[in-house]
Structure formats: structure tokens, C-alpha cells
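K.L.:
Sequence:
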Amino acid sequence: MASPTEKDIRLGRPSAAWDFGQDRRMGMIRRHTPLEGRRALDVGCGIGFYTRRLQEAGAEAYGVDVDPDKVAKAREAVANVQVAPAEKLPFPDGFFDMVLSHEVLEHVDDDRQAVAEAIRVLKPGGRLVIFVPNRLYPFETHGCYWRGRYRFGNIPLVNWLPNRLRNRLCPHVRAYTARGLVRLWEGLPCRVVVFTQIYPGYDKIASRRPWLGRLLRTVTYALERTPLRAFGLSHFVVLEKTG
Numbered sequence: 131m132a133s134p135t136e137k138d139i140r141l142g143r144p145s146a147a148w149d150f151g152q153d154r155r156m157g158m159i160r161r162h163t164p165l166e167g168r169r170a171l172d173v174g175c176g177i178g179f180y181t182r183r184l185q186e187a188g189a190e191a192y193g194v195d196v197d198p199d200k201v202a203k204a205r206e207a208v209a210n211v212q213v214a215p216a217e218k219l220p221f222p223d224g225f226f227d228m229v230l231s232h233e234v235l236e237h238v239d240d241d242r243q244a245v246a247e248a249i250r251v252l253k254p255g256g257r258l259v260i261f262v263p264n265r266l267y268p269f270e271t272h273g274c275y276w277r278g279r280y281r282f283g284n285i286p287l288v289n290w291l292p293n294r295l296r297n298r299l300c301p302h303v304r305a306y307t308a309r310g311l312v313r314l315w316e317g318l319p320c321r322v323v324v325f326t327q328i329y330p331g332y333d334k335i336a337s338r339r340p341w342l343g344r345l346l347r348t349v350t351y352a353l354e355r356t357p358l359r360a361f362g363l364s365h366f367v368v369l370e371k372t373g
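Residue numbers (my numbering): 131 to 373.
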């Protein structure tokens, strides 16, 4: 794998292929948000993996991203994709039935404003689906800086450090506690439908050692039904816009 560029570090590097973990997340989205015949927006769509899946599920799919190169790639599969930041969406109030923010809020300049914009463009009764990194997960999956050099990969225990130290090591990305995440929508016209934590897809492990991948999925997905879900990879939130 090529070394990450400064843009990769700041905005995240999209997956090169659709995998089990993404398919599982798409199943969660479909379970909680009607898509067929609905208008859906993928915020921070990257190269359009989820945008295309929303379209294949029957939605009139739109996407926005701040990276023109990724937008050009996404347009190969979905026409309604344009360059725009999450904090200033180029759509009128109440335009969408569903908005997806998949591992995006940790990268934006103003995460609360990004959530407020997503709620603004939703119709009453429309739903915002959020996936973001969990501060309690034992690994920082976006890499970190050490002695002035960026270290790519899963770095253990960084997220468990005090804020001051973690922010020095990972100034390029946020990770959220449950309480810290709630502040992003406090006071906005919405209600919580789902708020939980989920474990990874373990796709790289499963590709090398299928038996281990199956074991990890069996064990940790069972943990999602217990209080130990609190240590999952990501928060999964569904908000519904109120009238």
C-alpha cells in the first residue's frame, strides 16, 4: 500500500473495495431508514461507495465531498455528486428523506455545524444516520504523529490517553465519547432513534485467517448485545428530524 498523502491523513483514505464490514453497515442503514423511492444524501461521500449502494437500494441518491478528485470518481457511478463541505450543504431546507454521515464528522472543521446542516436539509420525519469513531475503542485507526512523523495504521491505546496528550498525537482526527457525541445535536429539532456501538468487520484478518475472522465476528457481535458494546469501533446513531 502506498504511503498516505497529507490529504489522506486529513480527510481519510477510502476503502479500495466493498467488503463484509461495509455490507454489514449498509444492512444497518436499511434496517432503520426507508430508502426505496426516497431522496438520500451521502455527506463526505468519497469515491461514492455508499452513494452507489443507496442508489441500488432504490433511493434518489446525492453525494457531496470536499475533495474534487474523489467527487470526479464518484460521478462515474452516481450523477448527483458535487463538491461541498458538510458544514454548508448546497440544498434547500427539507430536501431529503435521509442523510448519511459515514465516518465523516471526525474530519470536518465544525462537527456540530455539520450535524445542524444535515438536520436542516431533512424533511420532518427524515432520518440522519451517523457512524463515527468511538473513543473507547482500544485502537486509533487513523494513525498518529510521533516525533514529528506520521505513523499509519492501528495504534493501540492512544484513544485512552487524556485529551491533551491524544490531541497532540492525533490532531488530524477526532474520536468521540458517547457524552461528547450527544452535544452535537443537543438543542436541534431531532430525536434519537438508535444510539449504540458496533465492532469492526475484521476483513483484513478474515482474508488472511478466515477462522480467526469468523471467531472475532461471532464473539464481538455478541458483545454488541451487552454493555461491552461500549468498546466497539464506532458509534452508530440514527436521528429523526422532528416537526
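Accuracy of the hints is not assured; some may be wrong.
Said to hold, decoys possible - Cβ pair distances, simulated, as ranges:
(1) Pro268 / Glu136: 19 to 29 Å
(2) Asn210 / Pro164: 14 to 24 Å
(3) Phe282 / Leu342: 20 to 30 Å
(4) Arg205 / Asp153: 39 to 49 Å
(5) Gly167 / Arg205: 36 to 46 Å
(6) Asp149 / Phe282: 33 to 43 Å
(7) Pro222 / Phe282: 39 to 49 Å
(8) Arg321 / Gln243: 30 to 40 Å
(9) Thr348 / Asn284: 14 to 24 Å
Unchecked claim - Straight-line distance between alpha carbons at most 25 Å, and here's what the computed PhoX-like set of lysine-lysine pairs gives:
(10) Lys203 / Lys137
(11) Lys218 / Lys137
(12) Lys218 / Lys253
(13) Lys203 / Lys218
(14) Lys334 / Lys137
No lab work stands behind these hints, which were simulated from the structure alone.
Quick reminder that beta carbons are idealized off the backbone N, C-alpha and C, glycines included.
K.L.:
Give a verdict on every hint.
P.N.:
Status of the hints after comparison with the structure:
For Pro268 and Glu136, the Cβ-Cβ distance of about 27 Å falls inside the hinted range of 19 to 29 Å, so the restraint holds. Between Asn210 and Pro164 the Cβ separation comes to about 19 Å, which falls inside the hinted range of 14 to 24 Å. In this structure, Phe282 and Leu342 meet the distance hint of 20 to 30 Å, their C-beta atoms being roughly 23 Å apart. The beta-carbon spacing between Arg205 and Asp153, approximately 23 Å, falls outside the hinted interval of 39 to 49 Å.
Distance hint check: the CB atoms of Gly167 and Arg205 are about 23 Å apart, inconsistent with the given range 36 to 46 Å. One distance hint, 33 to 43 Å for the beta-carbon pair Asp149 and Phe282, is violated here, with the actual separation near 19 Å. Restraint check, Pro222 to Phe282: a C-beta distance of roughly 40 Å satisfies the suggested window 39 to 49 Å. Between Arg321 and Gln243 the beta carbon distance is about 20 Å. The supplied range of 30 to 40 Å is therefore violated.
In this structure, Thr348 and Asn284 meet the distance hint of 14 to 24 Å, their C-beta atoms being roughly 21 Å apart. For the given pair, Lys203 sits about 16 Å from Lys137 by alpha-carbon distance, which is consistent with the 25 Å threshold. The straight-line distance between the Cα atoms of Lys218 and Lys137 is roughly 20 Å, inside the 25 Å bound, and the hint therefore holds. Between the alpha carbons of Lys218 and Lys253 the distance comes to roughly 17 Å, so the proposed pair stays at or under 25 Å and holds.
Between Lys203 and Lys218, the direct Cα distance comes to roughly 22 Å. Compliance with the 25 Å bound is thereby established for this hinted pair. Under the criterion of a C-alpha separation no larger than 25 Å, the hint pairing Lys334 with Lys137 is consistent with the structure, at around 23 Å.
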